[in-house]
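Student: Residue numbers (this note's numbering), protein chains in the order written: chain A, 1 to 263; chain B, 264 to 525.
These are computed hints drawn from the structure, not numbers from a lab.
Every residue, glycine too, gets a C-beta built ideally from N, C-alpha and C.
A few of these clues could be false.
According to the in silico footprint, chain A covers these stretches of chain B (three or more CB under 8 Å from chain A) [as the list claims (entries may be wrong)]:
hint	segment
1	320 to 331
2	346 to 357
3	371 to 384
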Amino acid sequence: MSAQPWLRIVAPAAVGIFLLALWEAAIRLAGVPQYILPTPSAIAASLWTDGPSLLGSLLVTLRITLAALAAAALLGGMIALVFSLSRVIEISLFPYAVILQVTPIVAIAPLIIIWIHVPFLALLVCAWIVAFFPIVSNTTVGLNSADRNLLALFRLYGATSWQVLWLLRVPTALPYFFAGLRISGGLALIGAVVAEFVAGTGGAETGLAYRILEAGYRLAIPRLFAALFLLSVTGIAIYLVLDFISRRLLRNWHESAAAMEEE
Amino acid sequence: MPTRQDLPPVVELRGVEKRFASGLTALAGVDLAVERGEFLSLLGPSGCGKSTLLRIVAGLTPLSAGHFRLSLGGQNGRRGTAGRVGFVFQDPTLMPWSTVANNVLLPFRIAGRSGEAARELALAAVRAVGLAGFEDAYPHQLSGGMRMRVSIARALVTDPELLLLDEPFAALDEITRLALNDDLLRLWEERRPTIVFVTHSVFESVYLSTRIAVMTARPGRIAADLAVDLAQPRGPATRSSREYAATCERVSAALGAAMAGA
């Protein structure tokens, strides 16, 4: 079943508008106060009036997120490469990557903030810890997924291990790397927000997470929702951009990307 | 000047055994010599070790016991036999991220040759297997038969002295298979490499080969070594000849005996 392209946009939009209308009507009819649950119109109004200052805060959070994601992609990819080159190193270090991954960032963020005095760097490290693992584990799997017969063929033609790595393993791993990157995009944002919650305001620059806390303290609930809305939109935007980039780069690469093109 | 008869066989196997770590014995005492320019089919039931034997000849699998020698002409370069042995797998085994031309170019890229001359040879190989116009296509845009042609072009691009094919047409439909049989014959007649062709089809082996080695079920041995004296060059008319039918019958009988005796 293939739906019309316009239906893919119009149908969910209609559902969204209907739900927002229902929300608005329910709160007005039941007389719920704005500080318990604001109406969509109040949130929209807050988004309009507080927009410029919220956008400034969003920029702060976004900078940390993107820097953490870039570091995760770079270091994660490099760690995976090292793992693929040496089985001993992989076996020795992989458990520690897992430990770092499963440790709740909320628990270790205060320590990191104490140890690293530069606020931007401290938040970056927190976000990176959350974001790097999917890239490492996916890329490691990808680097080890090269077709056995292609590996045999490379051997037959006397390929060096560098040639096997660059001409075979790395291209094989690329779709896996991008799958990891798409997951990490969302995680980097979550990591940045969590770290900001713990760190509070770090000097003059205030991230979006701190604005949420602050709005909560002041019972400015519509502004809290407005900030939340911006965060969600940012998360979705990051995902869509990464998805777009990976599809473009992998267009002729991988069965999954090719199949999506043909839809 | 040495004649063809003076040269040692291209492939020489004596008492070759292969046991896997699992304890499985794939090959038990294989004796086989493949002469220069021959088209030899290894015919046998599934799982008889034909593919293992082919991988041993390619140097991809070590043997457990026995002697194995590869005698290729020309000098022995730093990379040993690289480029002088071609291999075609049962699956096309192409790099999905590379175009047809770049897949065929791979042996040269590995050898550090990526200049204009190498590219010309790759394009010529693509044309030789009937894929002119598809140089820039990606594997997923091609049919199964076309992908197999790319695989054959890649194996031929270095103009190898020895071409090893591991049931290359087993996964294809009958019509494509017959067409590729004729193409392979034509390429062999033009370039005359030594070919070792693994198959489990009696008809295919008789149609293509100058000689057929019939193998027993696992553990594999050579049970019969039959010359195929059908007229060259072969073509669709060969299939309707009485000699072809008689040879198929003879080979079928040998295969039946090999399987019963094992």
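Student: Check whether three or more residues of the segment 320 to 331 of chain B sit with their beta carbon closer than 8 Å to a beta carbon of chain A.
Tutor: holds (count 3)
Student: Is the coverage entry for the segment 371 to 384 of chain B by chain A consistent with the three-residue Cβ rule at 8 Å?
Tutor: holds (count 3)
Student: Per the coverage rule (Cβ-Cβ under 8 Å, at least three residues), is the segment 346 to 357 of chain B covered by chain A?
Tutor: holds (count 6)
When the structure is compared with the earlier hints, no violation turns up for any of them.
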